[in-house]
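Chemist: Top line first, the protein sequences correspond to chains Y, L, P and B. When we follow our numbering, the leftmost residue of the first sequence carries the number 1, and every step to the right adds one. When we follow our numbering, the leftmost residue of the second sequence carries the number 1, and every step to the right adds one. When we follow our numbering, the leftmost residue of the third sequence carries the number 1, and every step to the right adds one. When we follow our numbering, the leftmost residue of the fourth sequence carries the number 1, and every step to the right adds one.
These are calculated hints, taken from the structure and not from any lab test. Predicted model only: the values in this text are computed from it and were never measured. The beta-carbon is built from N, C-alpha and C at its ideal position, and this holds for glycine as well. You may find that some hints are simply not true.
Claimed, not checked - Here are some of the chain L residues that sit facing chain P, going by a computed Cβ distance under 8 Å:
#1 Ser75
#2 Pro80
#3 Val82
#4 Pro83
#5 Ala84
#6 Met85
#7 Ile87
#8 Gln88
#9 Asp89
#10 Pro248
#11 Ile250
#12 Thr251
4 protein chains.
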Amino acid sequence: MSNARSHRMDRDVPLLVPEVNPGHLRLLEDQDVPDGAGIITNPNCSTIGVAMVLGPLHRAFGVERVHVVTLQALSGAGMPGVPAMAIQDNVLPFIEGEEEKLESEPRKILGRLGRAGGGIDEAQLSISAQCTRVPVSDGHMAMVSIQLGERVEVEAVRAVLSDFRGLPQELGLPSAPRRPIHVLDEPTAPQPRLHRDREQGMAVSVGRVRPCPLTDVRMAILSHNTVRGAAGGALLCAELAIAEERIPGITPPVPTDDR
Amino acid sequence: MSNARSHRMDRDVPLLVPEVNPGHLRLLEDQDVPDGAGIITNPNCSTIGVAMVLGPLHRAFGVERVHVVTLQALSGAGMPGVPAMAIQDNVLPFIEGEEEKLESEPRKILGRLGRAGGGIDEAQLSISAQCTRVPVSDGHMAMVSIQLGERVEVEAVRAVLSDFRGLPQELGLPSAPRRPIHVLDEPTAPQPRLHRDREQGMAVSVGRVRPCPLTDVRMAILSHNTVRGAAGGALLCAELAIAEERIPGITPPVPTDDR
Amino acid sequence: MSNARSHRMDRDVPLLVPEVNPGHLRLLEDQDVPDGAGIITNPNCSTIGVAMVLGPLHRAFGVERVHVVTLQALSGAGMPGVPAMAIQDNVLPFIEGEEEKLESEPRKILGRLGRAGGGIDEAQLSISAQCTRVPVSDGHMAMVSIQLGERVEVEAVRAVLSDFRGLPQELGLPSAPRRPIHVLDEPTAPQPRLHRDREQGMAVSVGRVRPCPLTDVRMAILSHNTVRGAAGGALLCAELAIAEERIPGITPPVPTDDR
Amino acid sequence: MSNARSHRMDRDVPLLVPEVNPGHLRLLEDQDVPDGAGIITNPNCSTIGVAMVLGPLHRAFGVERVHVVTLQALSGAGMPGVPAMAIQDNVLPFIEGEEEKLESEPRKILGRLGRAGGGIDEAQLSISAQCTRVPVSDGHMAMVSIQLGERVEVEAVRAVLSDFRGLPQELGLPSAPRRPIHVLDEPTAPQPRLHRDREQGMAVSVGRVRPCPLTDVRMAILSHNTVRGAAGGALLCAELAIAEERIPGITPPVPTDDR
Chain Y
1 MSNARSHRMD
11 RDVPLLVPEV
21 NPGHLRLLED
31 QDVPDGAGII
41 TNPNCSTIGV
51 AMVLGPLHRA
61 FGVERVHVVT
71 LQALSGAGMP
81 GVPAMAIQDN
91 VLPFIEGEEE
101 KLESEPRKIL
111 GRLGRAGGGI
121 DEAQLSISAQ
131 CTRVPVSDGH
141 MAMVSIQLGE
151 RVEVEAVRAV
161 LSDFRGLPQE
171 LGLPSAPRRP
181 IHVLDEPTAP
191 QPRLHRDREQ
201 GMAVSVGRVR
211 PCPLTDVRMA
221 ILSHNTVRGA
231 AGGALLCAEL
241 AIAEERIPGI
251 TPPVPTDDR
Chain L
1 MSNARSHRMD
11 RDVPLLVPEV
21 NPGHLRLLED
31 QDVPDGAGII
41 TNPNCSTIGV
51 AMVLGPLHRA
61 FGVERVHVVT
71 LQALSGAGMP
81 GVPAMAIQDN
91 VLPFIEGEEE
101 KLESEPRKIL
111 GRLGRAGGGI
121 DEAQLSISAQ
131 CTRVPVSDGH
141 MAMVSIQLGE
151 RVEVEAVRAV
161 LSDFRGLPQE
171 LGLPSAPRRP
181 IHVLDEPTAP
191 QPRLHRDREQ
201 GMAVSVGRVR
211 PCPLTDVRMA
221 ILSHNTVRGA
231 AGGALLCAEL
241 AIAEERIPGI
251 TPPVPTDDR
Chain P
1 MSNARSHRMD
11 RDVPLLVPEV
21 NPGHLRLLED
31 QDVPDGAGII
41 TNPNCSTIGV
51 AMVLGPLHRA
61 FGVERVHVVT
71 LQALSGAGMP
81 GVPAMAIQDN
91 VLPFIEGEEE
101 KLESEPRKIL
111 GRLGRAGGGI
121 DEAQLSISAQ
131 CTRVPVSDGH
141 MAMVSIQLGE
151 RVEVEAVRAV
161 LSDFRGLPQE
171 LGLPSAPRRP
181 IHVLDEPTAP
191 QPRLHRDREQ
201 GMAVSVGRVR
211 PCPLTDVRMA
221 ILSHNTVRGA
231 AGGALLCAEL
241 AIAEERIPGI
251 TPPVPTDDR
Chain B
1 MSNARSHRMD
11 RDVPLLVPEV
21 NPGHLRLLED
31 QDVPDGAGII
41 TNPNCSTIGV
51 AMVLGPLHRA
61 FGVERVHVVT
71 LQALSGAGMP
81 GVPAMAIQDN
91 VLPFIEGEEE
101 KLESEPRKIL
111 GRLGRAGGGI
121 DEAQLSISAQ
131 CTRVPVSDGH
141 MAMVSIQLGE
151 RVEVEAVRAV
161 LSDFRGLPQE
171 LGLPSAPRRP
181 IHVLDEPTAP
191 QPRLHRDREQ
201 GMAVSVGRVR
211 PCPLTDVRMA
221 ILSHNTVRGA
231 AGGALLCAEL
241 AIAEERIPGI
251 TPPVPTDDR
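Just chain Y, with the same shape it has in the complex (with noise of 0.2 Å):
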């Protein structure tokens, strides 16, 4: 269960967010490992919170181009990360290899499954990203500019959003936040200090749904990036997989009503 980039793209490996592509863990069969053994990845932290919203609307309505800019925290760059005298009363218009990755993975996690040993088909979806570092301790937002597939009114989009539901919830894994995306409705929100905390920091804040004169849709999306965006991710993985019996020796617990 890797957090780390290293092998998120490779062929047979499973870039994962339980939410949107739990199917794609089939791809552990394609690796050829003994044993058992086998790597699950995590996208990158600012790349989850984007494709938890860009997979239940690629679903409903198709997603075509993405503009994307981030206002990243400091804990993305982990310890000792950026100096304080870098960031102090400033903004960084650059992050080293983030929007390469924000640009290519969603198109992994939104693609489907080929035949045996195929891999992922990529969805055929363009990102534009730009990424920047922001003087806050936790939580990356994303002000998005979505070209969907069909016209939709915004309300429809909202209502996707707010009803998305994932595997992980209907199997009640114990990490899995109750409503993966909360639609939040103040002009104002989301804001990292006071919607990144939100059940537990596994669930994603949308706010500021609303028309592009440009795209079909905009608004701005906040996830915990430490949480969600890293070891809680990754937990939510090695639930999944063990309760989809993807991990061989360790079979899921019997679900109990009063967690």
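Fit chains L, P and B to the supplied structure of chain Y, relying on the hints for placement.
Modeler: Structure of chains L, P and B alone, referenced to chain Y:
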């Protein structure tokens, strides 16, 4: 000489960026006010940097569509402005009224002067603006993606911006920056704390000029919001109006060589 | 149960830190109000952490003089409070009215209950307070240097603080921290972001307990200003008043073991 | 001319604040080095502001005891220095090695030159220093409480600081501030962002000069740590050494009136 938003879009009022649309001063002739009094306006502080960049690009190649996400400084909200508790360790995804200005003002600034009394024929470009507030004292950053009217190499874009000079430079106006646009090559530029004070805050800094998968070119634009974007910008408008003998009773000073 | 400053120093009003001076509740008997109504006050948010530390030290060794410099959080100023532009990349060396409270309130809190109707005999200690505001959301830090009534080893000071328990702990009040004072040994503790939430924000953290060249002992004290220093502190006062049957008509709940 | 800590306390090395102890340059004569080479040192950046204030007070009234708590800027830690995640929404109550320097260096700076070869007789004052790091880019603040050798009115203290001029001012050295100490009267001064750049960062700002219940006088001292406290301070030392003809082979420039 007004920095307020009230009359900016009036048919007979110049909305002036001295380097970009000095000819719009002629609108003063359409203002039916006694004794030669009149109103000249300055654009919104988030518009200035963007308009300064779009101006020369529009003249050279045409500009058709612009996606812009701003990361705006605290001083833009005036005093008392944003409460510290609202922005501490935080980012705000909304600034009241700001996106409307940024989507409309550049169309007027880049427009053409019509016949006498006819106001400005707005430029036919579409802008999508998403405005955020970040914990930075001064310096508005804008991440933009621009669709031009013709296909050009990024190098041509960079050259147009670098070489750009306007009437204030030609006239040697006292507050005019020597180079209105500083094109920076380091991947981590521009940054508010490092670059906002270039040429006493009157120059706009541009960095990360590069291709975009969805449009023709992307870049990061930084301008000092209270200098170039407000007081300093208004001062330069006044200097231009005097130099152009648009202010009755004030004759332009004879320029000297040793400024 | 008031967190306002208005009646704190009134002769017949308890200024209560439940762990330190629970007996002061008796002052309620001196309040000449109908129907058993009465006022209990909570100290200023900058006083609480300091008083919680001075309480056990005063009982054990006597406290004679205290130098304190505070680094106070933004939330202490309420909303809208400090404008962001006033504190961005800055520190304020002055907080209106704060030093007077910090120099006087502990004298009453550490004082002795006199005869009925006689109010509190204030403790004979002198405090010099210098209060600053820093760009931190929550958590007041106080750097103190304390002259005790007798010469003691630093280890004895540390033990008194570590071992301190008060009536709220004895009674098992719902909001009482298990240990009112957490003595931390790492040289870089306490820190607002890391330690303010200990025991749901109700514990005070103390670090850098060490000798002082000018007094007996120095240390850094951290308390959560809006929890322990305001709402949570008032709640604990109420819980104590109920448990002590000081609120007519409300009988204390029978404690259970399984909290 | 060294800004490093290595030789500051060496018996035969001047630890120089040009306004305060210019005569200590004579120690160069005790340095047994060939060809007139020698070492002059600059105090620690947290010491400079405090020493600049204690200097004239010590000469006027004697200084006996000083309590000081610093709020130090990020740039004092150099690059990469403090990780952003360590100080975001936070304060650090400890800076390695800093308190020792602040407690010892002023004793040497304020000391008297002994006989040839005898080094400096340290001043008999005791200092208690507690050093904290705050999220500010530049400008060290020190909150001090000072016990003088005689009882004086606060007004006398203020006058001594305001009127203070040293040899650099008398000689008109190029980097010397016109007034080494700016005494500010507004209750909210000094502040790092507003006052650190006074006289190109070479002046020290002092505010809140007022009585102390425990000593004679309290105040807040601000100095620009990387200018006056480092590079600029070293430059002024060099200018003084040249003016005093302490650097073999370099003759002082003839002063002119029109600087």
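Chemist: State for each hint whether it applies.
Modeler: Results for each hint:
1. Among the interface hints, the one on serine 75/L holds; its C-beta lies about 6 Å from the nearest C-beta in chain P, closer than the 8 Å criterion.
2. With a cut of 8 Å, the hint placing proline 80/L at the interface with chain P holds, because the nearest CB-to-CB distance is about 4 Å.
3. Look at valine 82/L: its Cβ gets to within about 4 Å of chain P, closer than 8 Å, so that hint holds up.
4. Evaluation of the proline 83/L hint against chain P yields a held restraint, the C-beta minimum of about 4 Å falling below 8 Å.
5. Hint on alanine 84/L holds. Least Cβ distance to chain P is approximately 4 Å, under the 8 Å limit.
6. Here the hint on methionine 85/L is kept, as its CB sits about 5 Å from the closest CB of chain P, short of 8 Å.
7. Among the interface hints, the one on isoleucine 87/L holds; its C-beta lies about 5 Å from the nearest C-beta in chain P, closer than the 8 Å criterion.
8. Interface restraint check: glutamine 88/L against chain P, minimum CB-CB distance 5 Å, threshold 8 Å, status holds.
9. Using the Cβ-Cβ criterion of 8 Å, the hint placing aspartate 89/L at the interface with chain P is satisfied: the shortest such distance is roughly 6 Å.
10. Among the interface hints, the one on proline 248/L is violated; its C-beta lies about 38 Å from the nearest C-beta in chain P, farther than the 8 Å criterion.
11. Annotation: interface hint on isoleucine 250/L violated; nearest CB of chain P at approximately 35 Å, more than 8 Å.
12. For threonine 251/L, the interface hint is violated, the least distance from its beta-carbon to any beta-carbon of chain P being 39 Å, above 8 Å.
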